[in-house]
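Asker: Given the coordinates of chain A, work out where chain W should sit on it, guided by the hints.
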Amino acid sequence: MSHHPSEHLLAEFTSGSLNTGAALCVRTHLEQCHDCNRVAEDLNVLGAVMMRDSDQASCSDDLFSRVLDQLGSSAPQAPFSRSAGSKALSSLIPGGIQSVPWKKIAGGVSSYTLPINDGEYSVKLLRVEKGRSVFQHTHTDTELTVLLQGGYSDELGSYTAGDFIECDGSHVHKPVAHRDQDCILLTAVSGKLRFTGAVGRLLNPLVTF
Amino acid sequence: MKVMDMAEAQQLAGWLDAVAADQDKAAFKQLFDHYSGRIKAFAMKSPGVSGSATLAEEIVQETMIKVWNKASLYDRSKANVDAWVYTIARNVRIDIQRRNNKHDNCIEVDDIWQESDEPGPLVQLRQRQLADNIRAGLEQINPEQALVLKKMYLEGKSQREIAEEFNIPLGTVKSRTRLALARLRLLLQEKEL
Numbered sequence: 001m002s003h004h005p006s007e008h009l010l011a012e013f014t015s016g017s018l019n020t021g022a023a024l025c026v027r028t029h030l031e032q033c034h035d036c037n038r039v040a041e042d043l044n045v046l047g048a049v050m051m052r053d054s055d056q057a058s059c060s061d062d063l064f065s066r067v068l069d070q071l072g073s074s075a076p077q078a079p080f081s082r083s084a085g086s087k088a089l090s091s092l093i094p095g096g097i098q099s100v101p102w103k104k105i106a107g108g109v110s111s112y113t114l115p116i117n118d119g120e121y122s123v124k125l126l127r128v129e130k131g132r133s134v135f136q137h138t139h140t141d142t143e144l145t146v147l148l149q150g151g152y153s154d155e156l157g158s159y160t161a162g163d164f165i166e167c168d169g170s171h172v173h174k175p176v177a178h179r180d181q182d183c184i185l186l187t188a189v190s191g192k193l194r195f196t197g198a199v200g201r202l203l204n205p206l207v208t209f
Numbered sequence: 001m002k003v004m005d006m007a008e009a010q011q012l013a014g015w016l017d018a019v020a021a022d023q024d025k026a027a028f029k030q031l032f033d034h035y036s037g038r039i040k041a042f043a044m045k046s047p048g049v050s051g052s053a054t055l056a057e058e059i060v061q062e063t064m065i066k067v068w069n070k071a072s073l074y075d076r077s078k079a080n081v082d083a084w085v086y087t088i089a090r091n092v093r094i095d096i097q098r099r100n101n102k103h104d105n106c107i108e109v110d111d112i113w114q115e116s117d118e119p120g121p122l123v124q125l126r127q128r129q130l131a132d133n134i135r136a137g138l139e140q141i142n143p144e145q146a147l148v149l150k151k152m153y154l155e156g157k158s159q160r161e162i163a164e165e166f167n168i169p170l171g172t173v174k175s176r177t178r179l180a181l182a183r184l185r186l187l188l189q190e191k192e193l
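If you're matching them up, the sequences are chains A and W in order. With the working numbering applied, the first sequence closes on residue 209, and no number is skipped along the way. With the working numbering applied, the second sequence closes on residue 193, and no number is skipped along the way.
Okay, chain A solo, but in the shape it has when bound:
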């Protein structure tokens, strides 16, 4: 794994200001990347310092008793059922990648739209058959990608499982899946994709990724 989210994006994530679609991509990378986890933890400390040092507001006199009432007489709960290391993505596709009902969108490329509605990002799983490619495109805004399986290359580099890629309107690329296995990606796109190749351009009005 050699491509990581910028510290800037990790700050948006840890401050809670990133929308759900983008945050899901960041989380999926963090699940696999020790180094980025460490940066994210440092950034949580930044948030903690700010919260601790900011002004305090006085609370209603009865707030503590209202909290106690809601605790009832029950003891603190045992550790939650969420097991350590469980994947955020698995809560959206409990049957795993094998169970995804792919929809074919072009030669060798299928997609599945994840049920995330955050008002900004369109979030999809994309499967590119080995050796096949996605039409050359650019973006009007942001495209975040995490590679879940296999690998691909484009004009900007070569990527393998776990890699995190951030693209915007300054990038024009044509991803080609590596030949050894199908490539599966998690992608969050804000704004629109614009196809730029000769054939792809014809698709602009037709295809919504």
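Among these hints, one or two may not hold up.
Only some residues are given here: those of chain A computed to face chain W with a beta carbon under 10 Å [claimed, not checked]:
| id | residue |
| --- | --- |
| 1 | M50 |
| 2 | S58 |
| 3 | A106 |
| 4 | E120 |
In short, the hints are calculated from the structure, not lab data. Cβ atoms here follow ideal geometry from the backbone N, Cα and C, with glycine treated the same way.
Answerer: Frame of chain A, contents of chain W only:
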């Protein structure tokens, strides 16, 4: 400069341990007294709350109930109490904002913004030093850059919302964030040398 001393950090962790082990309500009251005013001020600033004391106190309640419920999950080798409580309060705030925006998501906030499960010895000590160094660093960076970080962390505002608030280009907000983090990182490295 406010320096969080060792004794205070130990005391907070001790209270949390007492809640986890004995459901100690006196210890919980101490934690409540320490955090409730800070969480309320933090909550008041978030866009979804728009200054409503009632809603801010709901965030305080929900956060403190989670502190009680999750106390047994707290591991002092993984995070200091301040950072742990911050992540819980942040998640409650994200949840409230989502409800306000009526965004129907099939994924829970805690599934994405979960607390870390990276084990790390000495994290407690490291994070405490880090907190002191960050505090010192924040006083040294350019105030415009520090303000952007405050808007993000304390008010939960996106880069776009910050750009709109100050009527500056999105690119300017992004570069201020980048510069602030780079400068902070540099100051931290100097301290570690």
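Asker: Indicate, hint by hint, whether the structure satisfies it.
Answerer: A quick look at each hint next to the structure:
1. M50: holds, 5 Å
2. S58: This hint holds: A/S58 lies near chain W, its Cβ roughly 6 Å from the closest one there, short of 10 Å.
3. A106: With a minimum Cβ separation of about 27 Å from chain W (threshold 10 Å), the hint on A/A106 is violated.
4. E120: Interface hint status for A/E120: holds (9 Å vs cutoff 10 Å).
Checked against the numbered hints listed earlier, the structure breaks hint 3 alone; every other hint is satisfied.
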